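Participant: Each protein sequence line maps, in turn, to chains A and B.
Each residue of the first sequence is one higher than the one before, counting from 648 in the working numbering.
Each residue of the second sequence is one higher than the one before, counting from 19 in the working numbering.
If you are wondering where the hints come from, they were derived from the structure by calculation, not from laboratory data.
Possibly wrong hints are sitting among the right ones.
[To be verified] Here are some, though not all, of the chain B residues that point toward chain A, as calculated from beta-carbon distances under 7 Å: (1) N20; (2) T24; (3) R32; (4) A43; (5) G103; (6) I106; (7) L109; (8) L110; (9) K266; (10) R268.
Computed from a predicted structure; not experimentally measured.
Heads up, the beta-carbon is just placed ideally off N, CA and C, and yes, glycines get one too.
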Amino acid sequence: MNPAIRIEGVTKRYGSVQALAGIDLEIAHGEFFGLLGPNGAGKTTLISALAGLVRPDAGRLAVMGHDVISDYRAARQLLGVVPQELVFDPFFTVREALEIQSGYFGIRNNAAWIDEILENLDLTSKADTNMRQLSGGMKRRVLVALALVHRPPVIVLDEPTAGVDVELRQGLWHFVRRLNRDGHTIVLTTHYLEEAESLCGRIAMLKHGSIVALDTTANLLRRLSGHTLRLRLAEGAKLPDFLSARIAGESGNEYTFSLGSCEEIEDILHSLRGSGCRLEDIEVGKPDLEEVFIRVMHEK
Amino acid sequence: MNGFLTLFYKEVLRFWKVGFQTVAAPVLTSLLYLLIFSHVLEKHVQVYEGVTYTSFLVPGLVMMSVLQNAFANSSSSLIQSKVTGNIIFVLLPPISYRQFFTAYVLASIVRGFAVGFGMLLATLWFVDLSWQAPHWIVVFALLGGAIMGALGVIAGIWAEKFDQLAGFQNFIIMPLTFLSGVFYSIHSLPPFWQQVSHFNPIFYMIDGFRYGFFGVSDVSPLLSLGVVTTCFVALTAFTLWLLRVGYKLRT
Ligand SMILES: Nc1ncnc2c1ncn2[C@@H]1O[C@H](COP(=O)(O)OP(=O)(O)OP(=O)(O)O)[C@@H](O)[C@H]1O
Ligand SMILES: [Mg+2]
């Protein structure tokens, strides 16, 4: 069976900027996939190439086996894209825009599904409001709705939660998770790393147009982050020499240790007690994607 | 509804929703031309035997409205969508480039016809027109509207800012329409300008269109049909090529 998304050797240059420097990536059916990277890493360019909005200089992209250039109509029918830019057509109301978008995908009488999308995105009360009169967060949710009118099996969301308030963000993720459970493949970019960590099964990190990390979220966390132990020593106390070698970070009399496993905490505390060193505060940190991200971006 | 019909419908709806500005206003402009020119020139100019100057002027102005508004429709729709970014909504769906072209051009023709028809209706009660060969009227209006709609697609795709589009309109479309024999027969021009006019495709559109009313024209309607059809085919091929390679739309 063809993967939901296949990307092979894709490059794209804008003048002197190498926006994509040879991307190879496969995303399987039913995955919840995260595409992360700093501003300008090439996430949107890659998504645009997938959507046929950008022509790559080299390489091929396919959606469920359909090449996005030679077989573009099939590829586009299977793909739903939430663009990063907040765009809208001021001529129409929310419902009109959704009906027209359905028509573009060859679907008539889509009212039941449109109602369901509106309900799930908490837009029902705005259905007959002109697009111009919506707030930024509402417009963003309409963009999500527009991407879903044709029930695409592959859904790509380019920063769908930028500017959306906390409660609605939860609602949006609830809905997207449900779509994922129902078999839709989800690809997500976001700068909220906790979001990616809790949602995505697998993550690719992009930097200067290249993939610099690609693994399951669990593996990334295990490999590149870990439990940390932060200690603040009491005034005048001095860290024993044999522990100094293990310091991962320090500021003033605060020291951070990276732990290979939780058990190491015991060892450290034990040796501190043994050398009579008094502690003022202690904090155990869990592995998190932010640490992974920062590590990956600073490597190489 | 398929993608093509929806896009066509949306393009018609777009101008219809602001019909006061996109249909009524151009009709009024044309009527003003008619009132002023016919008042000033009626007694001084006769172009064809037995045809008053006002009658002569009406088909020219009607065709000019059709052409200018067909151009305005596709070009302004595309530039607006590009500048606001909502062009993405028609680029993401599986609409083929042929469907894209046809939808924009047909909607342009509808807008051109709406204005042209409005203009005709408004003049019917005070201008005496004959309808010698109505099929020519329809054929030239259709082809002329299609050509200008296609030209509007090209201009709309090419222009990145509104002033570039305005430049295209003011330096290409306006001179070509005004120097095409709307207000006069080219036989009244000095020989040099007569020659120049023969290189203006819009001259043939207007001349052929006018033939449909009076049964007389500066050149044979068959020649006009040949020129206009050639232009249409060439422009269509060129526009389709631009869309197929994604010129400025899929970069
Ligand atoms: N149309 C364009 N013309 C010129 N350069 C471009 C264009 N689009 C993108 N770029 C450049 O390509 C690089 C990648 O941009 P891209 O939008 O893909 O980044 P991104 O990862 O989506 O960033 P962000 O997190 O800010 O959205 C950037 O250096 C950007 O300046
Ligand atoms: Mg981006």
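Participant: Taking the hints in turn, state whether each one holds.
Facilitator: Now the hints, each set against the structure:
For N20 (chain B), the suggested interface contact is upheld, since its CB lies about 5 Å from the closest CB of chain A, less than 7 Å. For T24 (chain B), the shortest C-beta to C-beta distance to chain A is roughly 3 Å, which falls under 7 Å, so the interface hint holds. Because the closest C-beta pair between R32 (chain B) and chain A is about 6 Å apart, less than 7 Å, the hint holds. Against a cut-off of 7 Å between C-beta atoms, the interface hint on A43 (chain B) is violated, since the closest Cβ of chain A lies about 18 Å away.
Interface restraint check for G103 (chain B): the shortest CB-CB distance to chain A comes to about 4 Å, inside 7 Å, so the restraint holds. Annotation: interface hint on I106 (chain B) holds; nearest CB of chain A at approximately 6 Å, less than 7 Å. Annotation: interface hint on L109 (chain B) holds; nearest CB of chain A at approximately 6 Å, less than 7 Å. Interface hint status for L110 (chain B): upheld, as the beta-carbon distance to the closest one in chain A is roughly 6 Å, under 7 Å.
Checking K266 (chain B) against chain A: minimum C-beta separation of about 11 Å lies over 7 Å; hint violated. At its closest, the beta carbon of R268 (chain B) sits 6 Å from a beta carbon of chain A; the interface hint therefore holds under the 7 Å criterion.
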